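Colleague: Sequence:
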Amino acid sequence: MALDIKICGLRTDAAMAAALAGGASHVGFIFFAKSPRYVEPGEAGRLHEAARGKAMAVAVTVDAGDAFLDEIVAKMQPDMLQLHGAETPERVAELKARYGLPVMKALPLSEAADLERMKPFIGIADRFLFDAKPPKGSELPGGNGVAFDWRILAGLDGGVDYMLSGGLNAANIGDALRLANPPGIDISSGVESAPGVKDPALIEQFFRAVRAARNTRAA
Numbered sequence: 350m351a352l353d354i355k356i357c358g359l360r361t362d363a364a365m366a367a368a369l370a371g372g373a374s375h376v377g378f379i380f381f382a383k384s385p386r387y388v389e390p391g392e393a394g395r396l397h398e399a400a401r402g403k404a405m406a407v408a409v410t411v412d413a414g415d416a417f418l419d420e421i422v423a424k425m426q427p428d429m430l431q432l433h434g435a436e437t438p439e440r441v442a443e444l445k446a447r448y449g450l451p452v453m454k455a456l457p458l459s460e461a462a463d464l465e466r467m468k469p470f471i472g473i474a475d476r477f478l479f480d481a482k483p484p485k486g487s488e489l490p491g492g493n494g495v496a497f498d499w500r501i502l503a504g505l506d507g508g509v510d511y512m513l514s515g516g517l518n519a520a521n522i523g524d525a526l527r528l529a530n531p532p533g534i535d536i537s538s539g540v541e542s543a544p545g546v547k548d549p550a551l552i553e554q555f556f557r558a559v560r561a562a563r564n565t566r567a568a
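Count along the sequence shown starting at 1, add 349, and that's the number in the numbering used here.
Hint data in this document are derived by calculation from the structure and do not stem from the laboratory.
The structure displayed is predicted, hence computed values, not measured ones.
Hints may contain errors.
To be verified - List of simulated lysine-lysine pairs, DSS-like, C-alpha gap at most 30 Å:
hint: 1; residue 1: Lys-424; residue 2: Lys-403
hint: 2; residue 1: Lys-445; residue 2: Lys-424
hint: 3; residue 1: Lys-445; residue 2: Lys-383
hint: 4; residue 1: Lys-482; residue 2: Lys-468
hint: 5; residue 1: Lys-383; residue 2: Lys-424
hint: 6; residue 1: Lys-445; residue 2: Lys-403
hint: 7; residue 1: Lys-482; residue 2: Lys-445
hint: 8; residue 1: Lys-482; residue 2: Lys-383
hint: 9; residue 1: Lys-445; residue 2: Lys-468
Work out the full structure: start from the sequences and follow the hints.
Modeller: Shown next as structure tokens:
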């Protein structure tokens, strides 16, 4: 089975080059001002140029208004929107219609019961991103470097398309793939040398760990 890999929170040419060299299927840009990974729409558009025809560019927003989304879509020209806030199913449908783009809806998880939150979005969101619930006091809905119990995803209906996120790194990706067997994975802080600072060497290391884990499973 193919595995989608999204490197999220990109802000530099070097990080983009490392993500593409490793074989990323998706590259993400954060448009949330409180995040250390925030990037201006115009700069994201410039960075996106390197990924065209190689990886899907994802615009990550948190309860963004129409005016800001209009600017992001115009300047970045994303291939997909990722909604990481408290957006309702109605809002997801509205934005899909407004921009003609697929939407990935992020949902925070900590226990199996949290998966119930997914049901109202089925048939509306094109994909889900399952992330860990933010630690108490965090202003960031994602990119906190914390994980949840991946085993709660093992019993998911095979028709649910999602990416696994939250606390992934080169050291634990093998366990994540073994326990959840996700169709996609998303990493941000796990390939950073400091908050918001992507490290090309850590990106390369992560891709090596993914390949090694998948080869081990195949064997």
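Colleague: Give a verdict on every hint.
Modeller: For each hint, the structure was consulted:
Taking the CA atoms of Lys-424 and Lys-403, the gap is about 19 Å. The hint holds against a cut of 30 Å. Distance hint between Lys-445 and Lys-424 is fulfilled; the C-alpha atoms sit about 18 Å from each other, no more than 30 Å. Of the pairs offered as hints, the one joining Lys-445 and Lys-383 holds, with about 25 Å between alpha carbons and a cut-off of 30 Å not exceeded. A threshold of 30 Å between alpha carbons decides the hint, and for Lys-482 with Lys-468 the separation of about 18 Å falls inside it, so the pair holds.
Restraint check: the Cα-Cα separation between Lys-383 and Lys-424 comes to about 21 Å, which is no more than 30 Å; the hinted pair holds. A C-alpha spacing of about 23 Å is found between Lys-445 and Lys-403, which places the hinted pair at or below 30 Å, so the restraint holds. Taken as a hint, the Lys-482 and Lys-445 pair is honoured in the structure, with Cα atoms around 25 Å apart against an allowance of 30 Å. Note on Lys-482 and Lys-383: the hinted pairing holds, with a Cα-Cα distance of about 17 Å set against a maximum of 30 Å.
Between Lys-445 and Lys-468 the alpha-carbon distance is near 18 Å, which keeps this suggested pair within the 30 Å criterion.
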